[in-house]
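J.: Below, each chain spelled out in residue letters.
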Amino acid sequence: MPFPTKARTLLAAVAMALATASGALADKIELLDAAPEDALVVNIDKMKYETPEITIKAGDAVTWTNQEVMPHNVHFLAGVVADEAVKGTMLKKDESWSARFNEPGTYDYHCTPHPFMRGKVVVE
Amino acid sequence: MTEGQRAAAEAAAQLAAGEADEPVILNAPEPDTRRVYIQDPAHFAAVTQQFVIDGDTGRVIGMTDGGFLPHPVAAEDGSFFAQASTVFERIARGKRTDYVEVFDPVTFLPIADIELPDAPRFLVGTYQWMNALTPDNKNLLFYQFSPAPAVGVVDLENQQFDRMLDVPDCYHIFPASPTVFYMNCRDGSLARVDFADGETDVTNTEVFHAENELLINHPAFSLRAGRLVWPTYTGKIFQADLTEDAASFREPFEALTEQERADGWRPGGWQQTAYHRPSDRIFLLVDQRDEWRHKTASRFVVVIDAATGERIAKLEMGHEIDSINVSQDAEPLLYGLSAGDKTLYIYDAESGEELRSVDQLGHGPQIITTHDMDA
Ligand SMILES: [Cu+2]
Numbered sequence: 002m003p004f005p006t007k008a009r010t011l012l013a014a015v016a017m018a019l020a021t022a023s024g025a026l027a028d029k030i031e032l033l034d035a036a037p038e039d040a041l042v043v044n045i046d047k048m049k050y051e052t053p054e055i056t057i058k059a060g061d062a063v064t065w066t067n068q069e070v071m072p073h074n075v076h077f078l079a080g081v082v083a084d085e086a087v088k089g090t091m092l093k094k095d096e097s098w099s100a101r102f103n104e105p106g107t108y109d110y111h112c113t114p115h116p117f118m119r120g121k122v123v124v125e
Numbered sequence: 003m004t005e006g007q008r009a010a011a012e013a014a015a016q017l018a019a020g021e022a023d024e025p026v027i028l029n030a031p032e033p034d035t036r037r038v039y040i041q042d043p044a045h046f047a048a049v050t051q052q053f054v055i056d057g058d059t060g061r062v063i064g065m066t067d068g069g070f071l072p073h074p075v076a077a078e079d080g081s082f083f084a085q086a087s088t089v090f091e092r093i094a095r096g097k098r099t100d101y102v103e104v105f106d107p108v109t110f111l112p113i114a115d116i117e118l119p120d121a122p123r124f125l126v127g128t129y130q131w132m133n134a135l136t137p138d139n140k141n142l143l144f145y146q147f148s149p150a151p152a153v154g155v156v157d158l159e160n161q162q163f164d165r166m167l168d169v170p171d172c173y174h175i176f177p178a179s180p181t182v183f184y185m186n187c188r189d190g191s192l193a194r195v196d197f198a199d200g201e202t203d204v205t206n207t208e209v210f211h212a213e214n215e216l217l218i219n220h221p222a223f224s225l226r227a228g229r230l231v232w233p234t235y236t237g238k239i240f241q242a243d244l245t246e247d248a249a250s251f252r253e254p255f256e257a258l259t260e261q262e263r264a265d266g267w268r269p270g271g272w273q274q275t276a277y278h279r280p281s282d283r284i285f286l287l288v289d290q291r292d293e294w295r296h297k298t299a300s301r302f303v304v305v306i307d308a309a310t311g312e313r314i315a316k317l318e319m320g321h322e323i324d325s326i327n328v329s330q331d332a333e334p335l336l337y338g339l340s341a342g343d344k345t346l347y348i349y350d351a352e353s354g355e356e357l358r359s360v361d362q363l364g365h366g367p368q369i370i371t372t373h374d375m376d377a
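In the order they appear, the protein sequences are chains D and H.
The working numbering puts the first sequence at residues 2 to 125.
The working numbering puts the second sequence at residues 3 to 377.
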């Protein structure tokens, strides 16, 4: 997209839910419209996240890029990065999905149609 | 004389004798080894039916309603049958409810209705062993695919959902004891899962098949014998004997001859494999087909000695058959179900002679279940 990188909080429904709940999870993750220059990259290829465990600093962004024609995504279960599940869009070949992690913790994820594809983001 | 002619003559005799008509709700005959259940997934319709048939006479003796892609099970001792089902508040949309229903085998009344929390059922074309009863009939085990592989334990004795068991990336459920079952894993091994005492202990067997040996979705399994019979797309048969302690693999063999395979013979259909426990025989649906037409119907069944791998018979079914099973008595019936014809063809398993048939079995009947009652 020709727009500058713009941080967008979660889907409206999730944000609403968080606002009325504790709000503690609201800042754990921000979904990004485009891949920031300095994002750490997790490539997806051959039915795997190539770096299944990635360690970053709070405030760093991660970009997942699918290298193969088999569609994949990134899916955090409810309660991991927000009260609700965060189910990333399916990525076709060469497409990316990015998120910024603001709070230390370990965040497990998987690919929705391929539950055997698993990864984690460790935020220090 | 057909069933309809017999009933007409009986009614005429009653009328002539001046006997009044007293309409009542009938009970089904007591379950026996020749009772057969035909589940109709109805090509993914939101609601479905199961037909209960007396294989001896070819009579429909009852029916059960189900929701979306329900999974049928039948206690081997005939004490009940059950299903895991899914309904929605507005036919095919709205709030989803997954539940397990247990039915009295004679009245067909539901004697338990147990809700499964968080809609955990794997919605998939029905595979006979994706769900199972434990051999003591105290628990029903069902599979969850998403968001992570898991097996749900439903306590039938106390009529309540027990818990989900985290399992590795494995599929299907083959119970070997009240608290141990096996699954087939992506890595080519079986997982042994022990869920005794509130724990979940998982171990894996050795890898027993190569990555290019594609095991079909419809293995045969005998809860009573612990025998697992698992064909590949080419008809190579892997077998394992599952006990509470371990799985022991048998030497695999080919169900089809080298010449047949050269001539394009391959297994194909839906429930393609049956195992007759008393005679230790394997039945496999086969026909000449392209490699990637493994879900089309077949017109032949090969019968194989499971101990030696030797061919006993090659039966010509005379119809386009998608699913097979056998009764577990000494002189078994061979059931051949055609989803296209919506008809169950009933054969003598020894000779392959077609004895009778039952038609109008829903929209696309696919799953055949029996009771293995002669323990
Ligand atoms: Cu994937």
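Be a bit skeptical, because a hint or two may be false.
Below 20 Å or equal to it, Euclidean Cα-Cα: the simulated EDC-like pairs (lysine to aspartate or glutamate) are [claimed, not checked]:
| id | chain 1 | residue 1 | chain 2 | residue 2 |
| --- | --- | --- | --- | --- |
| 1 | D | Lys49 | H | Asp120 |
| 2 | H | Lys238 | H | Asp203 |
| 3 | D | Lys49 | H | Asp189 |
| 4 | D | Lys121 | H | Asp168 |
| 5 | H | Lys316 | H | Asp361 |
| 6 | D | Lys121 | D | Glu104 |
| 7 | D | Lys94 | D | Glu31 |
| 8 | D | Lys47 | H | Glu246 |
| 9 | D | Lys58 | D | Glu96 |
| 10 | H | Lys238 | H | Asp196 |
| 11 | D | Lys49 | H | Glu213 |
| 12 | H | Lys140 | H | Glu293 |
| 13 | H | Lys238 | H | Glu293 |
| 14 | H | Lys238 | H | Glu256 |
| 15 | D | Lys88 | H | Asp120 |
| 16 | D | Lys88 | D | Asp34 |
| 17 | D | Lys121 | H | Asp171 |
| 18 | D | Lys47 | H | Glu213 |
| 19 | D | Lys58 | D | Asp95 |
| 20 | D | Lys47 | H | Asp189 |
Heads up, incomplete: computed chain D residues facing chain H, CB under 8 Å, no partners named [to be verified]:
| id | residue |
| --- | --- |
| 21 | His76 |
| 22 | Leu78 |
| 23 | Gly80 |
| 24 | Thr90 |
| 25 | Thr113 |
| 26 | Phe117 |
Have a look at the derived ranges for each label pair, beta carbon to beta carbon [claimed, not checked]:
| id | chain 1 | residue 1 | chain 2 | residue 2 | range |
| --- | --- | --- | --- | --- | --- |
| 27 | H | Asp106 | D | Met48 | 19 to 29 Å |
| 28 | D | Pro114 | H | Pro254 | 45 to 55 Å |
| 29 | H | Asp243 | D | Ala86 | 35 to 45 Å |
| 30 | H | Thr310 | D | Lys94 | 24 to 34 Å |
| 31 | H | Gln162 | D | Met48 | 45 to 55 Å |
If you're looking for bench data, these hints aren't it; they were derived computationally from the structure.
Even for Gly, the Cβ is constructed at its ideal location relative to N, Cα and C.
J.: Measure nothing beyond the straight line between the CA atoms of Lys140/H and Glu293/H; if it is 20 Å or shorter, mark the hint as holding.
T.: violated (41 Å)
J.: Could you say whether the range 45 to 55 Å given as a hint is met by the Cβ separation of Pro114/D and Pro254/H?
T.: violated (31 Å)
J.: Holds or violated: the 45 to 55 Å window for the beta-carbon distance between Gln162/H and Met48/D?
T.: Violated: the Cβ-Cβ distance is about 38 Å, outside 45 to 55 Å.
J.: Taken at face value, is the distance from the CA of Glu256/H to the CA of Lys238/H at most 20 Å?
T.: Holds, at roughly 4 Å.
J.: Holds or violated: Lys88/D and Asp120/H, Cα atoms, limit 20 Å.
T.: holds (17 Å)
J.: Would you check the hint for Lys316/H and Asp361/H, treating anything up to 20 Å between C-alpha atoms as holding?
T.: violated (25 Å)
J.: May I ask you to test the hint 19 to 29 Å on the CB atoms belonging to Asp106/H and Met48/D?
T.: violated (46 Å)
J.: Going straight from one Cα to the other, do Lys49/D and Asp120/H come out at no more than 20 Å?
T.: Violated - the C-alpha atoms of Asp120/H and Lys49/D are around 28 Å apart, more than 20 Å.
J.: Below or equal to 20 Å on CA atoms is what counts here, so check Lys58/D against Glu96/D.
T.: Judged against 20 Å, a Cα distance of about 24 Å means the pair is violated.
J.: Is the hinted range of 35 to 45 Å satisfied by the C-beta distance from Asp243/H to Ala86/D?
T.: holds (41 Å)
J.: For Lys88/D and Asp34/D, compute the direct alpha-carbon distance and say whether it is at most 20 Å.
T.: holds (15 Å)
J.: Do the alpha carbons of Lys238/H and Glu293/H lie within 20 Å of each other, as the hint requires?
T.: holds (14 Å)
In this structure, the hints that do not hold are numbers 1, 2, 5, 7, 8, 9, 10, 12, 19, 23, 24, 27, 28, 30 and 31, in rising order.
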